[in-house]
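These are the residues of each chain, in order.
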Amino acid sequence: MNDLWNQIDLSWAWLTSAEQWEGTNGIPHRLWQHLIYSGTSLFFAALIGLALGLLVGHTGRGGFLATGLANVARAIPTFGLVLIIVVIDYSITPVLIALVALAVPPILVNTYEGVRGVDADARDAARGMGMTGRDVLLRAELPMAMPLILLGLRTSAIQVVATATLAAYPGFGGLGRYIIDGLARNDYQLVVGGTVLVVALALIVQAVFALLRRLLVSPGLLGTARS
Amino acid sequence: MEIDWGWIGEHTSDLAENAVLHLRLALLPVLFGLLISLPLGVLCRRFGWLYPPTLTLANVLYAIPSLALFMVFIQYTGLTPSTVIIPLTLYSLSVLIPNVVDGLGSVSEPVRQAATAMGFGAFRRLVRVELPIAVPIVIAGTRVAAVSSISLVAVGQLIGQGGLGYDIVRGYQLQFPTQILAASVLIVLLALVTDAILVVLQRLLTPWARARGKAAS
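Listed in order, the protein sequences are those of chains A and B. Note that the first sequence covers residues 1 to 227 in UniProt numbering. Note that the second sequence covers residues 1 to 217 in UniProt numbering.
These are computed hints drawn from the structure, not numbers from a lab. Glycine included, every Cβ here is placed at the ideal spot set by N, Cα and C. Don't take every hint at face value.
Facing chain A, a subset of chain B residues (Cβ under 8 angstroms, in silico) [unchecked claim]:
no., residue
1, Met71
2, Arg143
3, Pro177
4, Leu192
Negatives, chain A to chain B, calculated, CB over 10 angstroms [stated by the list, open to error]:
no., residue
5, Trp21
6, Arg74
7, Thr78
8, Gly80
9, Asp121
10, Arg123
11, Asp124
12, Thr163
13, Tyr169
14, Gly182
15, Arg185
16, Val205
17, Arg214
18, Leu215
If we strip away everything but chain A, and leave its shape as in the complex, we get (with noise of 0.2 angstroms):
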């Protein structure tokens, strides 16, 4: 234990020396890096997933094929993906055809299952009211399966921000470089202060779908729903 809290304190002077804070390996590059990463992947990725899932559940078809295929794209290892299309094409781009791989799974179920599990009742009564089919999905179904949709997001983006680090090892930069190159100089205090910068954005990620929740969700579902 004296171990790790040493370790801590060492990250802590790393994270606070004011050469960490400038120039092209400083703090502020690599998390702009890593941002536009994961942020680029999991655009992509939402619209993606949200699209099927609301298609594949306000039709109800497909479900069985989409939630299947998902399961499918969780097992492609991110790594391998990583590195194979690096090896064809070294460019960013096969990082973040990874990241939407990785980040399209929680997303597309979690939209398809909320849709899914609107209440039937609720359904009718908005057809009754005269609704279209579009105007069912997007005034009755989505706001009502919107707690689901977005943990679903909230999944994925954690999930992003977590594996963006192995755009370092091909050499692109972004936190995990911190990580990878610790890693290469059995240097431990630049290993955990990247850890440390990469956790803190997973939770300022989970902070903002806190928010999104407030601001989205209707007053009337928060009671019932679980985040």
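Using the hints provided, position chain B relative to the given structure of chain A.
The following block gives chain B in isolation, referenced to the frame of chain A:
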């Protein structure tokens, strides 16, 4: 990209050996995860105040990059399989605990009361009634945990304990796509087979679900 089928033919036994190691490194954590989350889930159901902090802790652990978690454990467990198995066990908890709690929560109150009326004590009711009813939701979580774990073990190769991750890293170092691809495809296959086995296990453990399905049709 060209695939060197000859290489795959010559290395089937190596690949198989790494696949077996891979499966062991990936599934032991899920097993340990279940052993931890079942009692913990039961406790969380009984003492509601315990659930939010437990879940938060599991979520925080989940946010730590696997690579970093491996590194932290190296100092305590060295370059051994434990250094991969312990972090993956911790990851599995973030999926398994909520599913155990939800599964136990899916037992309806009349069922619980009926069991009590039949003279079941708290423990017997848990083992004979509540846990069996929770099986589908617990297995759903186990499927996600197992599949993710199989995919994640590969990263363990960065500390020398990765099963098929060895072939992924080696293929990258040699700029030899065939080896990376073969290992990646094998990992997906392992995951699919494991997933299918869990589905079959669920059917075996919940024979009443089939009986009810037949009665309805």
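#### Entry: Violated hints, by number in ascending order, as checked against the structure
Hints 6, 7, 8, 12, 13, 14 and 16 are the ones this structure does not satisfy, whereas the remaining hints hold.
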